[in-house]
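Asks: Following the hints, complete the assembly by docking chain R onto the known chain F.
Chain by chain, the residues:
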Amino acid sequence: MAYIGSRVKRKEDVRLLRGIGKYVGDIHRPGMAHAAILRSTHAHARLVRIDAEAARKLPGVIGVLTAADIPGMKTIPMRTGVIPGLARSQQAPLATTKVRYVGDPVAVVVAENRYLAEDALEMVDVEYEPLSAVVDTYRSIQPGAPQLHESTPDNVAANFQVEVGDVAAAFAASDLVIEERFRTNRHAAVPLENRGLVAEWDEGRGFLTVWGPTKMTHTNWRILSELTGLPQSCIQFIEPEVGGGFGARGEFYPEDFLIPFAAMHFRKPICWLEDRAENLKAMNQSREQKYRIKVGVKNDGTILAMEAEILFDMGAYTRTHGGVPAIAASAMLRGPYRIKNYRADVFCVLTNKTPVGTYRSPGRYEANFVRERLVDMIARRLKKDPADVRRRNLIRREEMPYDLGKHPFHYMVYDTGDFISQFEGALERFGYEKLKTARAEAQKEGRALGIGIGCFVETSGIGPWEYARVEIDTAGKVVLYSGCNSVGQGIATALSQIVADELQCSIDDVRVVHGDTAKVPYGNGSNASRSTVMAGSAAVGAAQKVKEKLIHLASANLEIDPADLILSGGRVVVRGAPERSLSFAELARLALPGPALKSGIKPGISEENFFATDKRPFPYGVHLAAVEVDKETGKLRILDYLVTEDVGRKINPMIIEGQMAGGLAQGIGGAILEEFVYNEDGQPLATSFMDYLVPTAMEMPRAQFVSTEEFPTPHNPLGVKGAGEGGITAAGAALANAVSNALGVEVTKLPLKPDYVLELVRQARGN
Amino acid sequence: MKQREVRVTVNGREYRGSVEPRKLLTDFLRDDLGFTGTHVGCEQGVCGACTILLNGEPVRSCLLFAVQADGASLKTVEGLAPRPDQLHPLQEKFWELHALQCGFCTPGILLTAEALLREIPEPSESEIREWISGNLCRCTGYVNIVSAIQEAAKVLRRKQET
Numbered sequence: 001m002a003y004i005g006s007r008v009k010r011k012e013d014v015r016l017l018r019g020i021g022k023y024v025g026d027i028h029r030p031g032m033a034h035a036a037i038l039r040s041t042h043a044h045a046r047l048v049r050i051d052a053e054a055a056r057k058l059p060g061v062i063g064v065l066t067a068a069d070i071p072g073m074k075t076i077p078m079r080t081g082v083i084p085g086l087a088r089s090q091q092a093p094l095a096t097t098k099v100r101y102v103g104d105p106v107a108v109v110v111a112e113n114r115y116l117a118e119d120a121l122e123m124v125d126v127e128y129e130p131l132s133a134v135v136d137t138y139r140s141i142q143p144g145a146p147q148l149h150e151s152t153p154d155n156v157a158a159n160f161q162v163e164v165g166d167v168a169a170a171f172a173a174s175d176l177v178i179e180e181r182f183r184t185n186r187h188a189a190v191p192l193e194n195r196g197l198v199a200e201w202d203e204g205r206g207f208l209t210v211w212g213p214t215k216m217t218h219t220n221w222r223i224l225s226e227l228t229g230l231p232q233s234c235i236q237f238i239e240p241e242v243g244g245g246f247g248a249r250g251e252f253y254p255e256d257f258l259i260p261f262a263a264m265h266f267r268k269p270i271c272w273l274e275d276r277a278e279n280l281k282a283m284n285q286s287r288e289q290k291y292r293i294k295v296g297v298k299n300d301g302t303i304l305a306m307e308a309e310i311l312f313d314m315g316a317y318t319r320t321h322g323g324v325p326a327i328a329a330s331a332m333l334r335g336p337y338r339i340k341n342y343r344a345d346v347f348c349v350l351t352n353k354t355p356v357g358t359y360r361s362p363g364r365y366e367a368n369f370v371r372e373r374l375v376d377m378i379a380r381r382l383k384k385d386p387a388d389v390r391r392r393n394l395i396r397r398e399e400m401p402y403d404l405g406k407h408p409f410h411y412m413v414y415d416t417g418d419f420i421s422q423f424e425g426a427l428e429r430f431g432y433e434k435l436k437t438a439r440a441e442a443q444k445e446g447r448a449l450g451i452g453i454g455c456f457v458e459t460s461g462i463g464p465w466e467y468a469r470v471e472i473d474t475a476g477k478v479v480l481y482s483g484c485n486s487v488g489q490g491i492a493t494a495l496s497q498i499v500a501d502e503l504q505c506s507i508d509d510v511r512v513v514h515g516d517t518a519k520v521p522y523g524n525g526s527n528a529s530r531s532t533v534m535a536g537s538a539a540v541g542a543a544q545k546v547k548e549k550l551i552h553l554a555s556a557n558l559e560i561d562p563a564d565l566i567l568s569g570g571r572v573v574v575r576g577a578p579e580r581s582l583s584f585a586e587l588a589r590l591a592l593p594g595p596a597l598k599s600g601i602k603p604g605i606s607e608e609n610f611f612a613t614d615k616r617p618f619p620y621g622v623h624l625a626a627v628e629v630d631k632e633t634g635k636l637r638i639l640d641y642l643v644t645e646d647v648g649r650k651i652n653p654m655i656i657e658g659q660m661a662g663g664l665a666q667g668i669g670g671a672i673l674e675e676f677v678y679n680e681d682g683q684p685l686a687t688s689f690m691d692y693l694v695p696t697a698m699e700m701p702r703a704q705f706v707s708t709e710e711f712p713t714p715h716n717p718l719g720v721k722g723a724g725e726g727g728i729t730a731a732g733a734a735l736a737n738a739v740s741n742a743l744g745v746e747v748t749k750l751p752l753k754p755d756y757v758l759e760l761v762r763q764a765r766g767n
Numbered sequence: 768m769k770q771r772e773v774r775v776t777v778n779g780r781e782y783r784g785s786v787e788p789r790k791l792l793t794d795f796l797r798d799d800l801g802f803t804g805t806h807v808g809c810e811q812g813v814c815g816a817c818t819i820l821l822n823g824e825p826v827r828s829c830l831l832f833a834v835q836a837d838g839a840s841l842k843t844v845e846g847l848a849p850r851p852d853q854l855h856p857l858q859e860k861f862w863e864l865h866a867l868q869c870g871f872c873t874p875g876i877l878l879t880a881e882a883l884l885r886e887i888p889e890p891s892e893s894e895i896r897e898w899i900s901g902n903l904c905r906c907t908g909y910v911n912i913v914s915a916i917q918e919a920a921k922v923l924r925r926k927q928e929t
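Each protein sequence line maps, in turn, to chains F and R.
Residue numbers for the first sequence follow our numbering, beginning at 1 and rising by one.
Residue numbers for the second sequence follow our numbering, beginning at 768 and rising by one.
Looking at chain F on its own, in the form it has when it is part of the complex (with noise of 0.2 Å):
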């Protein structure tokens, strides 16, 4: 009874299918009022004066809070990706002095319903005295820019380097230098469900309860607590049904403050649901930046050197993330190559636009667009295939594990793998040699058919521990308590599949609970495809504390040697005897405090593990795509795409190629649909679905996905690597790729949107 490897529908889904899933838009309260945030109308402009007299007298408005009525208000601190100089630029939860950004949060009102609550937020009079706004991170760090922060006066938040071996011989040993520039676009998460909340105060108590999605739950508890003063022990957090997370949900986000306090302040359980354009305004934003990168080869094609200057937008404040993005971007940069010099200048740069969080393989797409361009740049100008200048370069199974070199802020060592295995596998799959043909031929007949790589190594599994605690209850039921969340994900089956393997006991046996403070007490959350890494190896070391016990407890009753004592069904069975056994259910009446203190025995069957590591897997893969552009639109076509992804081993294949069929998607979307454009005042003009465009069923290709298990990880006991984010990362690498490859001329900017892609067709005309 393997669960572990197969395809095992899952567990939460009867409930979603249904329609009776409970998402925090689904919670009602007795007694529940509705909130809705004043945001700013403008990118960057001085605070004069809030007059909300007029909404406060409104029919069923219960109240308004602005800045003043928050004494002692704090910032919202980073929980990681912390960079000297970053928390200058934290975000209050409302503006006091100034606002940096539209959207930027500068009342709340409370109303008994949510249409009296926006009819009020019409009648909060605000003014304004508007400063010049600063969009872009070249002009931000010029000279006489915009300044957003006093505490910043340059702009940049935060600068570091990184550095390994010796950049400046290698440029000097190399035959070729090739120079680019190249920037991504801004684009983001975007769950379906938009952020909401619910939180109620029960003054007599002195408790406040928080329903809301959230990725990590008990970092929000505890930057709660800190915020508002209260103690942990008088929170209770408890996470619905969360709509999609994509690493911009359930951040620690100015709301995640104001509707608990307005809970307290106003003594009313209060529902905050944020609408589509709130939230394309106020959601943490990611992926623009902007490279200035040299690569130095030999002529062979062997890269000696690569330098970067890397410009990361922050938006307009220093989120929960601190330079995660800007972080990952400079520690991936080298893919899996052999780039044994190495220097990075990373700028981490205040905008007026929307903050800037992680989404899906942060820094890391926009890396392997940046880096995956570079090759085959160098393999046009050599003349080779860019296949070729691959294989040169990737780094060989021998070499594992491999160290990069030193990081300031990130994890070095890849740990296992064979890059050329896997890429030649991939090659072999898609037909490369083949396609080629076909593509020579269609050129022939002025067709403009490309085909695009995109080689990538992932990270994930984060640590630095998780905590799992395995309950049977008097029933027989198992029930594990977890500290990741889910966001949609499916972890809650892939953990049962774990633990019903390691108790021999039916995957409907098994409960997960997880994200509720009151049931768990620690928690790391899920991010960074760590949950079943590191979620998945708390809870095997506990559900293996709990056989012991069950073993202890039935050889005691059965007097019986422990060793001839094996689980099987949902009990423990006498080998070779399987007639004398007792069920999970006898065994925990066993252990109920009664009998079990009277035989000496700790009561209940609980058992607790924690699972830590600073160490973190390394996924690799290849995306590959074929497209024809068409040259009187602008237009792509995806002929085929292919992913794979070694994950070092697999839980379940069907989740997995889940993750990377949707992964893929979103990776489409951000290379040709997706990005927040905003004026030159600052002003974002995709605020809505009709401008901001997610691929629907039109866009997303029949594409095939390989996942792999060729090279578990060592640094855990399952061997699992993480399987979030490899459909997504290399996309926009092997898309633009494939359109340089189509049109013959250098892709140097995402998104590929038909009037670049025009511009490139005219382009290759020229030349």
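Check each hint, because a few of them may be wrong.
What the hints assert, rightly or not - Okay, derived cross-link-like pairs now, DSSO-like style, lysine-lysine, Cα gap no bigger than 27 Å in a straight line:
#, chain 1, residue 1, chain 2, residue 2
1, R, 921, F, 11
2, F, 11, R, 842
3, F, 753, F, 444
4, F, 22, R, 842
5, R, 926, F, 9
6, F, 9, F, 477
Said to hold, decoys possible - Some but not every residue of chain R turned toward chain F, in silico, with C-beta under 10 Å:
#, residue
7, 802
8, 806
9, 871
10, 882
11, 912
These aren't lab readings, by the way, just hints derived from the structure by calculation.
As the structure is a computational prediction, the values presented were derived from the model and not from experiment.
Just so you know, even glycine gets a beta-carbon here, dropped at the ideal spot from N, CA and C.
Replies: Just chain R now, kept in the frame of chain F:
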């Protein structure tokens, strides 16, 4: 604001309510009648998460006022399965083929697909893609959704034949 009486049939049962004329049908279904399976993803009529069937036709309940549905027969996701312990073939195939992840878009897609299969019992892949192109899904990449609808169509056709 003056309240108006609304009478609707939802999943075969009649309901009455008193609403402001500006109340959206989505909010009436979710907040007044408790059909929270109908989800709200954009309130701009684009994402399709709030899709329900109105007199058998898929509509976006965020683009209708409750008063406009007066006298209509509505179907929401809660009314798709024949019994609480049984799933509709579409729901079965979505489960089997992993056609959902977070589940937020799923109710709207199921209802769109139900209408599709009533109109075109044997749809081609491109017909399915076109029909569901008004329903955004951010998790699955649509591939498994298309397959699940194809497979459910087969089951429904077999049921029709017997």
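Asks: None of the hints should be skipped; say for each whether it holds.
Replies: To see whether the hints hold, each was checked on the structure:
no.	hint	result
1	R/921 / F/11	holds (25 Å)
2	F/11 / R/842	holds (26 Å)
3	F/753 / F/444	holds (25 Å)
4	F/22 / R/842	holds (19 Å)
5	R/926 / F/9	holds (24 Å)
6	F/9 / F/477	holds (19 Å)
7	802	holds (8 Å)
8	806	holds (7 Å)
9	871	holds (3 Å)
10	882	violated (15 Å)
11	912	holds (7 Å)
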